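*Asks:* Could you slot chain B onto chain A? The hints should help.
One line per chain: the protein sequences are A and B, in this order.
Residues in the first sequence are numbered consecutively from 1, following the UniProt record's numbering.
Residues in the second sequence are numbered consecutively from 1, following the UniProt record's numbering.
Heads up, some of the hints might be wrong.
A pair counts as met if it fits within one copy or between any two copies, since identical chains are not told apart.
As the list claims (entries may be wrong) - Straight-line distance between alpha carbons at most 27 Å, and here's what the computed DSS-like set of lysine-lysine pairs gives:
#1 Lys29 x Lys14
#2 Lys66 x Lys29
#3 Lys3 x Lys13
#4 Lys22 x Lys43
#5 Lys80 x Lys29
#6 Lys3 x Lys66
#7 Lys3 x Lys29
#8 Lys43 x Lys13
#9 Lys22 x Lys3
#10 Lys3 x Lys43
#11 Lys3 x Lys14
No wet-lab data here; the hints were simulated from the structure.
Source: prediction; values computed, not measured.
Each chain is listed here by its residues.
Protein chains: 2
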Amino acid sequence: MNKYQAEIDVMPKKEILDPQGKAVTGSMKNIGLSEIQNVRIGKHISLEIEAANEEAATEKVEQACKNLLANLIMESYTFKLHLV
Amino acid sequence: MNKYQAEIDVMPKKEILDPQGKAVTGSMKNIGLSEIQNVRIGKHISLEIEAANEEAATEKVEQACKNLLANLIMESYTFKLHLV
Chain A
1 MNKYQAEIDV
11 MPKKEILDPQ
21 GKAVTGSMKN
31 IGLSEIQNVR
41 IGKHISLEIE
51 AANEEAATEK
61 VEQACKNLLA
71 NLIMESYTFK
81 LHLV
Chain B
1 MNKYQAEIDV
11 MPKKEILDPQ
21 GKAVTGSMKN
31 IGLSEIQNVR
41 IGKHISLEIE
51 AANEEAATEK
61 VEQACKNLLA
71 NLIMESYTFK
81 LHLV
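Isolated chain A (complex conformation) (with noise of 0.2 Å):
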């Protein structure tokens, strides 16, 4: 079995209102930053998973973020694997 590192990241998707990242947008101008716009907040989760290969994590990785870890009517995932 080999250890593999998953970085997922969990967002609201696009058509979806991000009242928090809002609320960042106008701070970041509060503290002089008004460069910034668009501020969207989500999750970023980290996780170790062992698996026979890739493949294998890869498949367990999409079953956690499906059943788990993101709500997929509101949010979208994406994820990195790799070997540690």
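*Replies:* Chain B only, in chain A's frame:
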């Protein structure tokens, strides 16, 4: 002025307990994914920034992370910039 997209990860520091991650690690077992271990959960932030060059954009994103997005006592951040 150029427009850059920044992709920022804000994660709890290694020496800090991550109760949300621990809870999710436990839930992985319940949905049949006991191969998944050591889940840690942080924030992923994407934003757009106008700057003269990549160096100036990096400086502004550093400021945003230090002053607003991350709590440096408990969290660390990493980011990538790309031109849009």
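*Asks:* Next, verify each hint and record whether it holds.
*Replies:* Outcome of the hint check:
Proximity of Lys29 and Lys14 under a CA criterion of 27 Å is satisfied intra-copy only: 22 Å inside one chain copy versus 31 Å between copies. For the identical chains of this complex, Lys66 and Lys29 are inter-copy neighbours only, at 15 Å across copies versus 36 Å inside a copy, given an alpha-carbon limit of 27 Å. For the identical chains of this complex, Lys3 and Lys13 are inter-copy neighbours only, at 22 Å across copies versus 31 Å inside a copy, given an alpha-carbon limit of 27 Å. Proximity of Lys22 and Lys43 under a CA criterion of 27 Å is satisfied in both settings, with 16 Å inside one chain copy and 15 Å between copies.
For the identical chains of this complex, Lys80 and Lys29 are inter-copy neighbours only, at 22 Å across copies versus 33 Å inside a copy, given an alpha-carbon limit of 27 Å. Proximity of Lys3 to Lys66 under the C-alpha cut-off of 27 Å is restricted to the intra-copy arrangement: shortest distance 21 Å within a copy versus 33 Å between copies. For the identical chains of this complex, Lys3 and Lys29 are inter-copy neighbours only, at 17 Å across copies versus 43 Å inside a copy, given an alpha-carbon limit of 27 Å. For the homomeric pair Lys43 and Lys13, the shortest alpha-carbon distances inside one copy (12 Å) and between copies (15 Å) are both at most 27 Å.
Within a single copy, Lys22 and Lys3 get their C-alpha atoms only as close as 38 Å, which misses the 27 Å cut-off; across copies the closest is 19 Å, which meets it. Taking the shortest Cα distances, Lys3 and Lys43 sit within 27 Å of each other both inside one copy (23 Å) and across copies (24 Å). In this assembly of identical chains, the alpha carbons of Lys3 and Lys14 lie at most 27 Å apart only when taken from different copies (19 Å versus 33 Å within one copy).
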